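Participant: Sequence:
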Amino acid sequence: MLPLTIFRNNPELVKNGLLAKGETAGIEALVEMDNRHRAMVTKLNAMRSERNKTSELIAQSKRIGQDAAELIMAMRDLSEQVKTLESESAELHEKISGELEYIPNLPHESVPRGSNAEDNVVVRVWGEKPEFDFKIDNHLDLGAKLDLFDFNRGAKIAGSGFPLYTGQGARLERALINFMLDYHVENYGFTEIFPPFMTNSAASRTTGQLPKFAEDMYRTDIDGLYLIPTAEVPVTNIHRDEIIPEQDLPKFYVAYSACFRREAGSYGKDTRGFLRLHQFNKVELVKFVIPETSYAELEALTKQAEAILKALGLHYRVVELCSADLSFAAAKCYDLEVWSPGEEKWLEVSSCSNFEAFQARRGNIRYRRESDRKVDFVHTLNGSGVATPRLLVALLETYQTEDGTIILPPVLQKYMGKRELK
RNA sequence: GGAGAGGUGGCCGAGCUGGCUGAAGGCGCCCGCCUGCUAAGUGGGUAUAGGCAGUGAUCCUGUCUAUCCAGGGUUCGAAUCCCUGCCUCUCCGCCA
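Each residue of the first sequence is one higher than the one before, counting from 40 in this note's numbering.
Where hints are given, some of them may not hold.
Pairs of lysine-lysine, DSBU-like flavour, derived with a Cα cap of 30 Å [said to hold, decoys possible]:
id	residue 1	residue 2
1	Lys174	Lys349
2	Lys461	Lys168
3	Lys461	Lys195
4	Lys290	Lys349
5	Lys122	Lys134
6	Lys174	Lys384
7	Lys384	Lys349
8	Lys122	Lys101
9	Lys82	Lys122
Distance windows between CB atoms, simulated [to be verified]:
id	residue 1	residue 2	range
10	Glu148	Asp415	29 to 35 Å
11	Thr444	Asn239	45 to 51 Å
12	Ser154	Lys174	36 to 42 Å
13	Phe171	Lys342	28 to 34 Å
14	Arg258	Arg163	27 to 33 Å
15	Ile66	Gly198	23 to 29 Å
16	Val414	Ser88	25 to 31 Å
17	Ile45	Val414	16 to 22 Å
Simulated from the structure, these hints should not be mistaken for lab results.
Being a predicted model, the structure only gives us computed values, none of them experimental.
Beta carbons: idealized from backbone N, C-alpha and C, even for Gly.
Turn these sequences into a full structure, and let the hints steer you where they fit.
Facilitator: If you want it as structure tokens, here you go:
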């Protein structure tokens, strides 16, 4: 959520930012409603002040045993007016904040302007494209030969897009998750979190899924809970409605969770295998930091996510998203894309974003500064570290050998209890 | 699922026979004084959000308003009374 003051004081900044994100935003209506609302509040405050003063007079009269009937009669009318204006004001306020919740974050000034994903900028590339001197299989063939997973039975149980991992495939999934959690805890001092996999609407609102993207989430109708599309939602909400002492910042959390996405509107795209799923596993990194450090922390976060791919020896690149490709809540974002030899494509396995105060404002997540003891909103960041499905694709395809066995990278061997899949 | 208790400021904890209570008292924290150092003592300060004004910006000053879990209601007036919801705790039942 953006602060209303910036619409008042710097409407051009907002317009340009929204335009860069590809939003055609009508700010004028919002500003007009804000003006109207402020006039109401001013009037309301005056009326309430009057009421409070008179109430005090009534109290004094009663205390000394005088009759206050006249004052009370006069107040009855004013009180009615206050109530009417209160409800009008509240209604308008709700409308304003309702609209505000649909307005995305503005891109940071360092973000390249662009109109679509074509304008994203490749920042760096790590490793080399693996070469093979035999005809390689894609991950589906490899999975079938080694009985790692079974999409048909997954579909029978739940539906398409719900993978069933089997045998050493299931073990490998668990190994990847454990490896990534341990890595971030041991090397970077992240605190491990195991969050709820469902959140209420307030939590989903903080991170920006609600109200605009309600259709993308699974919801349990009876209890009004949402299955999380990412651990970002519960973990960011750990500190919702809190004031964190500055000395407790920064806070680094790492969490595994299953992620559930309806992927409404994306049917027909990337339907093969693991490329797009309704349920998948992900290890997520979340940071709460003071505003001054958030962009340095974004760079660090990206490198921390990259470290996983390096440790696994996978060829990847870092892409800086252009303004138009930024997600709703992000001010700046780097994607990590791993190379899939079978698909001959780069696959997105991580998104590392700085949300600045956008989520903090929505979730009222603040900190108390040491210098002047004032409160201010924290900056939040998160990045996948990383999502498993496409990682698995790259891993299987990269480490396949001619006889069909997969030689596991050393860091995974202890988690698997063996050196290869065959 | 059944029965009961309760939700007050950073924390603990009064108030809850409705009216100088934004809220006693304590702890913590900040500034000063005192003390050879520490401890103790002592004086003061210490919520958040919003409107308006000050030639005035997410700063400063003044002023007004709101907030005692949330939302309604009663009343001239609600932390205090009534209703609904949420949450926490205790006991019983069920259960991985």
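Participant: Please flag the earlier hints that this structure goes against, numbers listed from lowest up.
Facilitator: Failing hints, ascending: 10, 14 and 15.
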